[in-house]
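**Q** Below, each chain spelled out in residue letters.
4 protein chains.
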Amino acid sequence: MADKINVGMVGAAFMGKAHSVGYRDVAFAFPDVKLVPVMKEIAAATIEEAESARQVLGWERASEGWEKIVQAPDIQLIDVCTGNNLHKDIAVAAARAGKHVFCEKPMAMNVAECKEMIKAVEETGVVHMINFNYRRVPAVELAKQMIEEGAIGTPYHWRAVYLQDWIMDPKFPLVWRLKKELAGSGAHGDLNAHIIDLAHYLVGDIDSVCGLMKTFIKQRPELAATTGGLGAKAGETMGEVTVDDATLFLAKFANGAVGTFEATRFAGGNRNGNRFEINGSEGSIRFNLERLNELEYFDRRDKEGRQGWKTILVTDPVHPYMKGWWPAGHIIGWQHTFVHQIYNLMNGIADKKSPAPNFYDGLKCQAVLEAVEKSAETGQWVKVEV
Amino acid sequence: MADKINVGMVGAAFMGKAHSVGYRDVAFAFPDVKLVPVMKEIAAATIEEAESARQVLGWERASEGWEKIVQAPDIQLIDVCTGNNLHKDIAVAAARAGKHVFCEKPMAMNVAECKEMIKAVEETGVVHMINFNYRRVPAVELAKQMIEEGAIGTPYHWRAVYLQDWIMDPKFPLVWRLKKELAGSGAHGDLNAHIIDLAHYLVGDIDSVCGLMKTFIKQRPELAATTGGLGAKAGETMGEVTVDDATLFLAKFANGAVGTFEATRFAGGNRNGNRFEINGSEGSIRFNLERLNELEYFDRRDKEGRQGWKTILVTDPVHPYMKGWWPAGHIIGWQHTFVHQIYNLMNGIADKKSPAPNFYDGLKCQAVLEAVEKSAETGQWVKVEV
Amino acid sequence: MADKINVGMVGAAFMGKAHSVGYRDVAFAFPDVKLVPVMKEIAAATIEEAESARQVLGWERASEGWEKIVQAPDIQLIDVCTGNNLHKDIAVAAARAGKHVFCEKPMAMNVAECKEMIKAVEETGVVHMINFNYRRVPAVELAKQMIEEGAIGTPYHWRAVYLQDWIMDPKFPLVWRLKKELAGSGAHGDLNAHIIDLAHYLVGDIDSVCGLMKTFIKQRPELAATTGGLGAKAGETMGEVTVDDATLFLAKFANGAVGTFEATRFAGGNRNGNRFEINGSEGSIRFNLERLNELEYFDRRDKEGRQGWKTILVTDPVHPYMKGWWPAGHIIGWQHTFVHQIYNLMNGIADKKSPAPNFYDGLKCQAVLEAVEKSAETGQWVKVEV
Amino acid sequence: MADKINVGMVGAAFMGKAHSVGYRDVAFAFPDVKLVPVMKEIAAATIEEAESARQVLGWERASEGWEKIVQAPDIQLIDVCTGNNLHKDIAVAAARAGKHVFCEKPMAMNVAECKEMIKAVEETGVVHMINFNYRRVPAVELAKQMIEEGAIGTPYHWRAVYLQDWIMDPKFPLVWRLKKELAGSGAHGDLNAHIIDLAHYLVGDIDSVCGLMKTFIKQRPELAATTGGLGAKAGETMGEVTVDDATLFLAKFANGAVGTFEATRFAGGNRNGNRFEINGSEGSIRFNLERLNELEYFDRRDKEGRQGWKTILVTDPVHPYMKGWWPAGHIIGWQHTFVHQIYNLMNGIADKKSPAPNFYDGLKCQAVLEAVEKSAETGQWVKVEV
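Residue numbers (my numbering), protein chains in the order written: chain A, 1 to 386; chain B, 1 to 386; chain C, 1 to 386; chain D, 1 to 386.
Just chain A, with the same shape it has in the complex (with noise of 0.2 Å):
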């Protein structure tokens, strides 16, 4: 029986609903985990929330605020899923405090952040792990071997887009999301981050980039109660918008491919669509995180005549993470993203290794966001530097 470790959580709205499920299933479906998470105390803002989330969500104890937590002696991992500005501060007193840290996207309010996290995990020699969950997506994770085996060839064309259509109300009120203090950028940071993450996994690094970045509605609805996530009510005053609703990019990579990202929550109709197409000399792939149990592949190498895209059902017991769940066919949803993450980083830990993707990725990440607002403020191409 493997040796357990115990965790704690700062962040109890969405994200800690989620990264709680990472905790309670990786044992259940990967009994070859190295290390078994405990869930030991969760935090939040106030204590009534954290004690709400205790019990929902089964973790042991409650605590308040970000700041004791990361100093409890029999806790080894800490887990930030609070807003970004909060990020560094915890990440940083945490690593300090010599606990590895798992950190949401996006990792940082900008670089200059990001590199003192940096710093810290460096400095104290802690595991380190950020949450682009959706490089463990079985597909997405297959995709990564295919294109490892030559499946596409030289990559020519990145083409993603990260849809969503949830504040498209223009009632919809100014939740934390879209206050430029609290979430540092809008869908750019919250969506551009998870596929420029994806584009990084599978296409390699961005040389330069050229953006646009738009608010359609400028002013929203001041929020009535004092928090409010997704499904938040709006109260009487005004207030602004200072996030993007959308940003666009064209991006040039360092080995000549080039590549389109759109990131926006102004496309009606679109729930979630985090999808992207790869275009390589040899095959071509497909991914739409809507339907994220398949993945569609088209080999330029097939016969003449007999080509086409084909889509793989990606739930066959030899597919990514998959032999930990259900016979062929019986399709997994988005939170198993997160127990093949902490599968990752519980093993990580064991091993005294940070996997990717890392702060190292998360900083990789944070430079192209940043390149982007800069192209966006200047009207010309940007080049990253990480």
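It is possible that part of the hints are untrue.
Identical chains share a label here; the pair holds if one copy fits it or two copies do between them.
Subject to a maximum C-alpha distance of 25 Å in a straight line, what follows is the list of computed DSS-like cross-link-like pairs (lysine-lysine) [as the list claims (entries may be wrong)]:
#, residue 1, residue 2
1, Lys68, Lys383
2, Lys383, Lys303
3, Lys214, Lys252
4, Lys4, Lys374
5, Lys252, Lys218
6, Lys252, Lys383
7, Lys323, Lys233
8, Lys353, Lys34
9, Lys180, Lys383
10, Lys180, Lys252
11, Lys144, Lys252
12, Lys214, Lys374
13, Lys17, Lys34
14, Lys4, Lys34
Treat the hints as calculated values from the structure; they're not laboratory data.
Following the hints, complete the assembly by docking chains B, C and D onto the known chain A.
**A** Same frame as chain A, but now just chains B, C and D:
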């Protein structure tokens, strides 16, 4: 330059228009055709109808009734696209007059009529063909090629539906297709005829059947005017629907495969849903007429973890018939199947050989249709006898 | 905080794992559940198997055989997920011991066994339920809601298949599911049972049926080891396959609709293809388990020229069960249906009412299964008698 | 019976064949057309080429070069489907000779040439039209109708790609389309031209653009023979590719919407992937040329929980242009768009009015093409100036 052949067509409605496309376009798409049709004469029930069709469809002359055209000395091929109740008389008269015969499906009202027709063509030695045009969809022809190459191995399952919805409105009137004395049967002869022929073509002979026939709307308004096609107008008195709205049956094939067939005009949302799937020991094939440029194929011999349904866009120059049309990716439509049929017919006449699907195929289809009708009456499995 | 109920589960294979997810996750997803299950004891054929499952699946204690657990004084609910041949004995014993019973489908080996089970639960007044979990797919529940709102009008057609392909390899061994004495039937009881229940749920009672049963591979290697699930290994001697590989049937519903059903384990490329389409006077509905987050709907009352199949991504908070999970567009998997079932079961026990699908639904399904078997033997239509 | 008009066509390759279908079929499909074209004369670079095309495509006479046909006294309409470098000279000469002009896209080599052409048609008063045939896909026309009815509200996003893959093989030779002096540009003028025109048609004017142009394969074999179309053969010496293989750009529309455009000939598996999606405040629309009979629509105003993407099969008689063809569900092909164009052209000439898309639309498109080229050179956003 190829020799010419004069064509006379009987029938000027929907099918007359479609057949006309075949004659008009064959040499345009296929300059290698061995015989070039001349659209000499079109006949219809009234001279007005014939004349109007002549102008729009591009025939040289018009005539009334079918008796004269089948004797016209300058005509070598008679195309029969009247109501089903006239097929036999016209085809037999044409054959007896030494004309080649191209006949719409279903071949006739019953097996006995089919046999009379076969007797006539056998005795006179004319070329004969039945318009099961769906054999000549490039994707279906590709399926046939692949099956012959072993792509599916031993067939286990045939699963076909032909779903339409054009008479669901209870106020839709009693057109000829809803009267047994004119049509023979309803969805059964109209739609099952097609998928039975495809099953014969792609899987093999049917040994026995068990079916049911259903009429959902038993009375309908009589037609206001004398004639009426698919867009007919209703009058005020009500009349009896004497054909099936839907016919479903199970089948056992001679080679051990089993199948389901379903034809209906009451499947809302399915405008023209001719769809089939075949599963064999090595692979599976799927087709849908509403996306007739595509063929889906699953190869069980693909590497583990890389298996999936491949959607082949059947528009490459190497695909059946496609060299005659456009560059890859420029799709063709339903009407093109008629051009392909006529291409085969012209070459067959030039070679003095009745190309499949010919009257023997028509008879075989009729025998299955009739066995299903008998099964529906007796509530028992019925062996198909040709 | 809700009261708790102690659960004892018999069976520790594939279904044991799936049921465990239901008990484990119900209060996490649905904090309003009226009774919270405690995973008290798991029993299996051997203590080793039970102990191993206990650890991985998270039960408190393990035991051997089913006779003791059904008498355990601290257990109030018995979950039966053994082979079909044991369902009746366990369920009757559990009911006689005053335990509520949750039983896998098909309910039993035949109608007579079902009636014994019903007698037991009626006499003891315990709550009972059958695991037709596909009723609890949110998209299926939405279909039910829409049908009740009149979305399809009078039903005309039911068209369902349940296609799998996991035993196509002739070397796949003789697992218990291929032996009549253990499984009762093959694809029929395993797969048709599901789509018969869905037809009952969505269309109505079946009046009479006509079917065929087919075994494509008649001999297979005996199992190397004593037990074997879906991934079993083959031995060297050959044994007789005594169940159907595929069962197809036509049905007449009491309300005048007609239907086709097909269950097979020989449909290559269909890993878990539970699919149905219903056509009614006002609209049509389509579902595919391999894309279980989607429901397709066609409304014949839509404006002319604006009609089409609408693909509803059934992940909005207003959709059935989805409030318990994630924001819109974050899909769920197959396992979630078990959580929904357990949610209903817990509330049913709290309310002292057996929630549908219960033993009466199980019996009704079994009656259809049996009528089809009789029809396949006699070659005639058979009336369904409960 | 409508009056006739004599047509002279310059160019006898792929586009010549497609245009010929338009003239040949227009009165067959649309008997109400106001002017019936007579296919009088076809001209090509050599008389052999012209004569061969004459026979196959069905023109009355053949001639060499373009200078004579534009002066032919019995011709009233000149159809220009040569290489792009000749468009201007032919169109101007034809207009100066008093002929109406129908010209392939892109309109010319640059904005200056377009302006010369406009000067000529304005001074002579002839009717002019550009062959942006994708406006006349019934599904696209339906999209236009729906947008005008308010189906999408205020447009936010335009997202279009035109993906092909026919020159991915590095051994594919240097055909005229890969030489700047003959084609002007590569994928940009060939493919972006189409989606720019669609954006103008469906969203509105483009204010400014930022783009990149990429040539993946910089050297290719020179053509073996003097001419070569899509299926050309390679010779032995190598030559420089002087056009783009792919051009991508971002756009800001005058009305506040933002857009992405991508044209490439290096997207393996995409034979002819002209696809777009528009998101507006009330709804969204999607189109894919490879499934040109379908239009997808999402209505944000649909009832909560009943929202979804509706796939409209655009083959009903009430759909644009479809009354001319077949019953619902009998799909049309790519070639039909040419018939629709010629229908509009004929009616335009009869009404003495240049139907859209005419030379002004061609110029507007060219201005965007040119602005993108400038942006690709300077690395900056460029304002579009007409």
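**Q** None of the hints should be skipped; say for each whether it holds.
**A** Here's how the hints hold up against the structure:
Taking the shortest alpha-carbon separations for Lys68 and Lys383, neither the intra-copy value of 41 Å nor the inter-copy value of 55 Å comes in at or below 25 Å. With identical chains, the CA atoms of Lys383 and Lys303 are never at most 25 Å apart, being 41 Å at best within one copy and 42 Å at best between copies. In this assembly of identical chains, the alpha carbons of Lys214 and Lys252 lie at most 25 Å apart whether taken from the same copy (22 Å) or from different copies (10 Å). Proximity of Lys4 and Lys374 under a CA criterion of 25 Å is satisfied in neither setting, with 45 Å inside one chain copy and 57 Å between copies.
In the homo-oligomer, the alpha carbons of Lys252 and Lys218 lie at most 25 Å apart only across protomers (17 Å), although the nearest pairing inside one protomer, at 31 Å, exceeds that limit. In this assembly of identical chains, Lys252 and Lys383 lie within 25 Å of each other by CA distance both inside one copy and across copies; the values are 9 Å within and 22 Å between. For the homomeric pair Lys323 and Lys233, the shortest alpha-carbon distance between copies (16 Å) is at most 25 Å, but the shortest distance inside one copy (42 Å) is not. For the homomeric pair Lys353 and Lys34, the shortest alpha-carbon distance inside one copy (13 Å) is at most 25 Å, but the shortest distance between copies (44 Å) is not.
Proximity of Lys180 to Lys383 under the C-alpha cut-off of 25 Å is restricted to the intra-copy arrangement: shortest distance 24 Å within a copy versus 29 Å between copies. Proximity of Lys180 and Lys252 under a CA criterion of 25 Å is satisfied inter-copy only: 23 Å between copies versus 28 Å inside one chain copy. Taking the shortest alpha-carbon separations for Lys144 and Lys252, only the intra-copy value of 20 Å comes in at or below 25 Å, while the best inter-copy value is 34 Å. Taking the shortest Cα distances, Lys214 and Lys374 sit within 25 Å of each other both inside one copy (14 Å) and across copies (23 Å).
For the identical chains of this complex, Lys17 and Lys34 are neighbours both inside a copy (23 Å) and across copies (21 Å), given an alpha-carbon limit of 25 Å. Proximity of Lys4 to Lys34 under the C-alpha cut-off of 25 Å is restricted to the intra-copy arrangement: shortest distance 9 Å within a copy versus 33 Å between copies.
Of the numbered hints listed earlier, those contradicted by the structure are 1, 2, 4.
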